[in-house]
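Peer 1: The chain contents come next:
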Amino acid sequence: MPSFTEPVPLIEARDLCYTYPDDDPSDDVPAVKNVSLKVYAGEHVALLGHNGSGKSTLAKLLSQILVPQSGDLLIDGKSCRDLGENELFDLRKNIGMVFQNPDNQLVATVVEEDIAFGPENLGIPSEEIRRRVDEALDAVGMREYARTSPHMLSGGQKQRIAVAGILAMMPRCIVFDEATAMLDPSGRDEVMETACRLNRERGITIINITHHMAEAVRADRVYVMHEGSMILSGTPREVFAHIATLRDVALEAPAETELLYSLNRLGGAFPLPVLDADLCADLIAQKYRETRKNG
Amino acid sequence: MLKDVTLGQYFPGESPLHRADPRTKVVLSLCYIIALFCVKSALGMLLCALTLVCFHAASRIPLRTVLSGVKPILFILAFTFLINLFWTRGETLLFSWKFIRIYREGIVTALMMAVRILLLVTGSGIFLTYTTSPIMLTDAIEQLLSPLKKIKVPVHDFSMMMTIALRFIPTLIEETDRIMDAQKARGASFSTGGLIRRAKALIPILIPLFVCAFKRADDLAVAMECRCYRGGEGRTRMTRLRFSPADYLMMLSGVLLIAAVILLNHLPVGIAL
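For the protein sequence lines, the chains are C and E, in the order given. Heads up: take any position in the first sequence, counting from 1, add 627, and you land on my numbering. Heads up: take any position in the second sequence, counting from 1, add 304, and you land on my numbering.
Just chain E, with the same shape it has in the complex (with noise of 0.2 Å):
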């Protein structure tokens, strides 16, 4: 049962956005990123939201996928809408019952807002999660944060253990499997009760679960000892990250895409607010 739980939701897959190196994406997501968050403008935004239909198409990830990513964030996307749509004050009414007062700039706010999250949320899932993998992922930003090595930041240490950390979650899943297993042969349930029952229900999983993973922490130290690993001084990487021109070519839209909506945001064209 809990081996549905996908993590990652990395989307294996050969398309130009997948070739790229990982750096490249995640200096991609962070440009489009800032330049969703500079938009003021309504030409700016639509901008932006082309850019991710271009990309959208290089990735050749299923339409379908991308907006089941929206689903889990519906309830945000109308909260905010509305209560941008009721709280904001402007200069043109438009609709007036009772207290509730609906200004022009009120619905142009309340549109801009949920179009931006609409973008971020699409967007981090198709420049990075949905095409790169964990691995790379990981890779990447320690890479991406090794002139912080220079202040004395353990960062190859929080990359290995994020490494190890994704390499554990389906052993531990499946763990959790068994020992659910193990526990309702003795006959717990996990589905009956109030609230306050069905928490009492999880000790006896995740008391085993945590002594176990020790257990694996203690094992995995000795191993990794046995196979001369002593922190990141001295070590080299069998697969080398190289940028391509490809990769310069996307990080230059990047940050073009900054420069264009920032542009915009000054021009007196569109609906400035």
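Bound conformation, chain C alone (with noise of 0.2 Å):
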């Protein structure tokens, strides 16, 4: 029963179990075992594994591509278990999905065209499409390129396409299954400032799947997935505080965490995590002078 005080969540996972129907049923290792969580309406949430974590699979589930074998996905605390093909389709138009590669998530041969294409699914009036085609390429920055071809893009811009083909349908939540996976540097950042600029000035929650710590740091909560199962969760600063156990699981911290903990091990006696170049340069410069001071 939710209390008065504790709001519902956005998306609630309870004990959401899948494995990959295989030819050979009996040596099946399940993609996701047991993995629980809570995403509230307006967070930014990242969720962080290795490659082949079960952090896509979980992605799918939350978009309801995939059906749980076992456990409950409940949206808005509306349970999706037995749902018809209607009430499915409508929960879906709630949740959006950018995939990693920009190619295959384009259908038509012209950018406004795509971005028309999720709206015209929803058999929305053309006048109210079109309104939402142009403010959806206002908010990711690319009205001038309305009428080119997807092909003619560079990946970043590719990706914010995608963004606004999303975004047109007015979702509530935008996954990010690495989307930042297959760009360079630059791409990533137009990319990542695009998702969080929604998230900060529309309220979209974002659940961003990625294994760039950068990226992790920027959220409001970070999850933590290994072979299967969710092994950490809590705000950025909690989890990377558990810098050992992100080892074990083949996965860094932050830049500026790393670099402290191997100071550490030197002798270094810095507060861990720390999360923020300026903090990080700060306080090896205090403790340089320290030494110093001390000869």
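Among the hints, erroneous ones may be present.
[Said to hold, decoys possible] Per the computed footprint, the stretches of chain E lying under chain C, defined by three or more beta-carbons under 8 Å from a beta-carbon of chain C, are: (1) 458 to 470; (2) 474 to 488; (3) 530 to 540.
[Unchecked claim] List time: in silico DSS-like cross-link candidates among lysine-lysine, alpha-carbon distance up to 27 Å: (4) 705/C to 687/C; (5) 519/E to 720/C; (6) 687/C to 519/E.
Note that these hints are calculated values from the structure, not bench results. Beta carbons are placed, not taken as given, at the ideal position from N, Cα and C, and that holds for glycine.
Build the complex from these two chains, which are given one at a time in their own frames, with help from the hints.
Peer 2: Have a look at this one:
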């Protein structure tokens, strides 16, 4: 029973399990096992994990592309089990998804036609679609590319178009499924800036699945997955304090924390974690002055 | 190297023909093709040619572009001309040498046939491919065929497939280039050896290309599902096609052309065949 003080989460997963169907069911390893999480409206959540940790499968479960074999998914406190085709359709439009490969998610030969694809599927009147497309183009700063062909754009621009395509459907939550993994650093910044701005200015919930620690630091909350299970969760500060656990699952803490962690092993005694480059520099400078003063 | 391939041969522009509704242009080309096949008189053919010249002027496509479209069919053109020239039998023998006989009727038929093919190829270019973007064309075809939905023909699915195919042509060409480079880096050669050897050299390109294409198709299907795609039912469109008065005029001119051509066939003027 949710109490009156606690708001209902936008997305709540309860003990989700999923195993990919295989020819030989005896040696199946579940891709996601007993994962529970809560995402509240307006939050920015990062989901970390190494390759094959089940984080992409979890994303597909959250957006109802895959149906869990056991456990339950609640959207706005409403269970998604045993829903008909139409109810699933209604739920799916609340959660948009941006995928890894920018080429494989654009449908049309013209940018604005592609952005219109989602709202067209929802059966929205033409004038309203036009308005939403223009607004979505402005939101990702791609207005001047409205009539361009997607294959003329850079990777970061294509991902921004993909974001705009989701935005035009007016979802409450956008899942970025390693959306920056195939981009160069500048493309990565473009996409992350767009995501953070949408979260900040429009209150759209962001779930960012990534293995770039610098992206995870910007989230309100961080979840870490390993071999299908959720092993850590909390604010970035809380999660990155478990630096040894992270190393066990072949993840690294953000560069600043890693640096101070290494220095600590040489007797640095820095407080961990530190997630800000300036703070990290200040701490080291301070330490340096102290050591010099003490001779 | 493969990037030079221009597909669809669309030339963006703002001419009246570019701005016309794509459905109008499909109907107009159909009328034009019907007229060309009905025509039996030289005067009728002249009328068809004049119509094309008028529309060409309205399309503002450079003449050189139109003529370069004729190049690939020059052989067929010459072949048809000669076949008709030598094999048509008639009444007025003009020239005879050994087994070769050329009749007056032969010359006329050969000329008519050659002009007909020439007008057909340049016409379909001007009415459709040069002035209509591929996506507009698929839209127009979907709308024109929409009555077939009543007898359960999946018109929407076909046009969606066309759109996706057009969207992925440049992507797949890029990918082919990349795979070719990768195989070249491993010492593959695509331009030496006999025909069989060259054909065999294509296998290491085609297999990765197919594997990637299937992977792409899979990804795209998931992405489309995520964007709530569930077929044509209950779907709306952002750009609704609308006929303007000019569109009706153009379609009327197409119908008039057919009528005029049939009328001229039955008039005793010109060279009736």
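Peer 1: All the hints need checking, so say for each whether the structure fits it.
Peer 2: Each hint, compared with the structure:
Proximity of the segment 458 to 470 of chain E to chain C, defined as three or more residues with a beta carbon under 8 Å from a beta carbon of that chain, is established by the 3 residues found. Residues of the segment 474 to 488 of chain E lying with their CB closer than 8 Å to a CB of chain C number 3, which satisfies the three-residue condition for coverage. Only residues whose C-beta sits within less than 8 Å of a C-beta in chain C count toward coverage, and the segment 530 to 540 of chain E has 8 of them, enough to reach three; the restraint holds. As the CA atoms of residue 705/C and residue 687/C are separated by approximately 18 Å, the hinted pair is consistent with the 27 Å bound.
Distance hint between residue 519/E and residue 720/C is fulfilled; the C-alpha atoms sit about 25 Å from each other, no more than 27 Å. Between the alpha carbons of residue 687/C and residue 519/E the distance comes to roughly 17 Å, so the proposed pair stays at or under 27 Å and holds.
Violated hints are absent here; each numbered hint is respected by the structure.
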